[in-house]
Amino acid sequence: MYVAVKGGEAAINATHALIAQERRGDPATPELQTRQIREQMKLAIARVMNEGSLYDEDLAALALKQSQGDSVEAAFLMRAYRTTLPRFGSSRAVDTATMAIRRRISATYKDLPGGQVLGPTYDYTHRLFDFALEEEGAAVAPQQAQEPLAASMPRVPDILGAEGLMEAETAPVGDPAPVDITRDPAEFPADRDMRLQMLSRGDEGFLLGLAYSVQRGFGGNHPFAGEIRMGEVSVLYTPEELGFEIDIGDITLTECQMINQFKGSQEAPPQFTRGYGFAFGHSERKAMSMAIVDRALKGRELGEGDKYPAQQEEFVLYHCDMIEASGFVEHLKLPHYVDFQGELELVRKIRQEQVERKQREQAQELA
Amino acid sequence: MTQVQTITGADPHYNYGYLDEQTKRMVRRALLKAVAIPGYQVPFGSREMPLARGWGTGGIQITAALIGPSDCLKVIDQGADDTTNAVSIRQFFARVTGGRTTEKVDEATIIQTRHRIPEKPLREDQILVYQVPQPEPLRKLEPSEVETRNMHAWEEYGLMQVRLYEDIARFGHVATTYAYPVMVNERYIASPTPIPKFDNPKMDMMPALQLFGAGREKRVYAIPPYTRVRSLDFEDHPFTVQTWDKPCELCGSRLSYLDEVIVDDQGSRLFVCSDTDYCEEQRQANASEGAGA
Amino acid sequence: MNAPFLPGRGLEDPVLGSQAIFRTLLEALSRPGIPLEIPRLGVEGPDDLPVEILTLLVSICDHETPLWLEEGLRASTVGRWLAFHCSAPTTDDPLRASFAVLRGRSALGAMLDRFALGDVRYPERSTTVIFTCDDLTSGAPIALTGPGIVSPLVIRPSGLPEDFLAMAQANHELFPRGVDILLVAGDRLVGLPRSTKLEREAH
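Chains as they are written, first to last, in numbering that gives the first Met the number 0: chain A, 0 to 366; chain B, 0 to 292; chain C, 0 to 202.
Everything labelled a hint here was simulated from the structure, so no lab data went into it.
Don't be surprised by glycine CBs; every beta carbon is placed ideally from N, CA and C.
Do not rely on the hints blindly, as some may be mistaken.
[As the list claims (entries may be wrong)] The list that follows gives simulated cross-link-like pairs (lysine-lysine, BS3-like), each with its CA atoms no further than 25 Å apart:
| # | chain 1 | residue 1 | chain 2 | residue 2 |
| --- | --- | --- | --- | --- |
| 1 | B | K245 | A | K348 |
| 2 | A | K41 | A | K64 |
| 3 | B | K139 | A | K306 |
| 4 | B | K119 | B | K103 |
| 5 | A | K332 | B | K245 |
| 6 | B | K245 | B | K139 |
| 7 | A | K348 | B | K139 |
[Unchecked claim] Pair ranges (Cβ atoms, derived):
| # | chain 1 | residue 1 | chain 2 | residue 2 | range |
| --- | --- | --- | --- | --- | --- |
| 8 | A | E30 | B | V240 | 55 to 63 Å |
| 9 | B | S143 | A | A16 | 52 to 60 Å |
| 10 | B | E234 | A | E360 | 41 to 49 Å |
| 11 | A | H335 | C | E43 | 16 to 24 Å |
| 12 | B | N149 | A | R215 | 44 to 52 Å |
| 13 | A | A9 | B | S287 | 27 to 35 Å |
So here's chain A without its partners, still in its complex pose (with noise of 0.2 Å):
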């Protein structure tokens, strides 16, 4: 005889004391420490802090401590928790020309003013497994330097700007204050302010791969690094009840403007053309997608043409944010058993009617 299951609240009060168990693993294994993660894995920090919207270093490394290291599922506790967050102003944009500089390269140029300064990067490690980490070992102090970096690091699309030879970055008439996507839905055709939000909180691996299809051919043209900076940058914010500005703090940035030609035009002359990447933390790879993507899809505003995905900005755009991507992807999980019930029927019932008709169809024939 069957009988309907009611069990729904016992399980899901199982799954938690598993997830809780699965995540401390072999109880003979020191606990993980979130001041471990935070010290110890800044680029999935800053991964995380990237994708969940939100600059803390701590909750970052509570969230992958939390998640177990799924940097989806730690984004996603991010963005929930920013979601309760009162908002109580906005700070000064901040002023990367003033950066303190940990590392800057460009591409362009074999050397510029203030030169370039290779700072902590993997690019030329050799990929081997150093063995040595499984153990804990004494912490490799750096040579300090024999003088310090320049003080002035002009960024290298300004030098080119003051040549005539770069696009300006203007502002919209009016000077907008620019929109605010975690507050209002997005409108599409987009501006390049919603755009830019939202490539700066897309997932890396999404604007990786559309990054890499504009290189292979797949609309755009090619790139330059212009240059890539990564340091610290002042935090500046005038509360009301002050009336004057404080410096709230430092947050460490990745920013990445990349270089494009632009062909010109009857009116235009040719200019180069420019993407912009930027990110929370050390995340070159996707401050460097993120540029080559806001560059592509500026083809709709240079008349370049969306052919190709990374030119399409709803494609773009919907579809970056890992949030709502895992989210819906996920809900497949979610019963559907009363959609596939009618799914079901119908398949039988046009089987059904198929050998009907083909019954008919041979009956007349004999006849």
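Following the hints, position chains B and C against chain A.
For chains B and C alone, kept in the frame of chain A given last:
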């Protein structure tokens, strides 16, 4: 200085209903415009919620904006109160409001649902909140939001009519069994959400208010009470609903939507009510009739 | 002489109070023509506007909803009261208004077509216009039909501008664009969304 009354039972770490007041006002204003334009999708600043996108965040934001201490909330998924996601959402609201929840549709003032309308006719004092995966009924025909917005603006619905007629040409009838598109107030084509087409007729002139929330797509829409809702069809191929040969195995109803259940390795099947509360009520009615006889 | 600004009181319970008002507003616009009671929620403010209006505004408005008030009221303490209690900015441009308040008796006209009417692609971007009126029972009868109304309903508002019915009818013709109307008479609220058809009923 007056104190805000503490809601007993609600988690004190969060605002009542989880959403902050400014977000609630934003959602509420969107809903007020939605009821004034039946069937039209109002964009809104959907927030991230602690449950995943695709798992009901739109419905949750609407319920969070609506709910108050005198409400009683029922949450169903595929018609059942006990599916894990329905339990999860109900627990969420119990936690952030300390309010009453129920499995009985009679007791509910707000019913949040995924993909079914309760069998029992709803009352004027009830609000049905639908979870919506894809609010745009034309999306499968036209991927661009810019284009579909224009189609709704100018009532250019030819593409949909053609699509339905293609099915008729190929199969002899419309091959859509759920999320069957409806015309609301004779102006906007809307998605009824992936409810089985069996449920579509319940939407027409319903005494209760129907609200629809798509969190991921960031749209809300509404069908006021007593509003005309017509499933799209053709004069020579009128809209029809599903029927079954057998009644519900548990309560005997021939009127409700039935789920198919496989009971053994040979693939034997039987059919039971999808709406668990309705089925329970029928069984209790049968039992008391039996006792009285 | 400038009188000192007296803040009066906002909602006694901002969270539950605004929720109760929202449900009343939602009901009013979902079931047009049916008078609903506006709950007393402890609001105290300048008497240029009825306390019921202040209660509605403080519940649903905030810094994102510019409010249009009649010229006489813009300079009054009502504007300051609203800025204090819900941060709602006032505007003298009816096209920018999310909400507008007209005192039915003294308003020069219903002026519905001067407010934001929405766009055919975004019809929701229109003003919600609130009228104060004397009562809902002693004026000329207006028959209502449309979504939310189960059978033709009659309302008899008095104390509204002369051109109110004509303007409301013209507004309905713009559907899906158009403003949405709320009538407040004492502690009663009636909703007239743009979807409602209004007709002069013969006595």
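Check the hint pairing K119(B) with K103(B) against an upper bound of 25 Å on the C-alpha distance. Holds, because 10 Å separates the two Cα atoms, which is no more than 25 Å.
The hint says 44 to 52 Å between N149(B) and R215(A); measuring C-beta to C-beta, is that right? violated (34 Å)
Distance restraint between K332(A) and K245(B), which requires alpha-carbon spacing of 25 Å or less: Given pair K332(A), K245(B) is violated - Cα atoms ~29 Å apart, limit 25 Å.
Checking one constraint from the list: CA of K348(A) to CA of K139(B), max 25 Å. Satisfied? holds (24 Å)
Between S143(B) and A16(A), does the beta-carbon spacing fit 52 to 60 Å? Because 46 Å falls outside the window, the suggested range is violated.
Regarding the pair K245(B) and K348(A), is the alpha-carbon distance no greater than 25 Å? The hint holds at about 16 Å.
Taking only the CA atoms, is the gap from K139(B) to K306(A) under or equal to 25 Å? holds (20 Å)
With a cut-off of 25 Å on the C-alpha distance, tell me whether K245(B) and K139(B) pass. violated (34 Å)
Outcome of range test on Cβ distance (H335(A), E43(C); 16 to 24 Å): violated (53 Å)
At the C-beta level, are E234(B) and E360(A) separated by a distance inside 41 to 49 Å? Once the Cβ atoms are compared, 28 Å apart, the range 41 to 49 Å for E360(A) and E234(B) is violated.
Need the status of pair K41(A), K64(A): alpha-carbon distance at most 25 Å? holds (13 Å)
For E30(A) and V240(B), compare the CB-CB distance with the range 55 to 63 Å and indicate the outcome. Hint holds: Cβ distance 57 Å, inside 55 to 63 Å.
In summary, the structure is inconsistent with hints 5, 6, 9, 10, 11 and 12 from the numbered list given earlier, while agreeing with the others.
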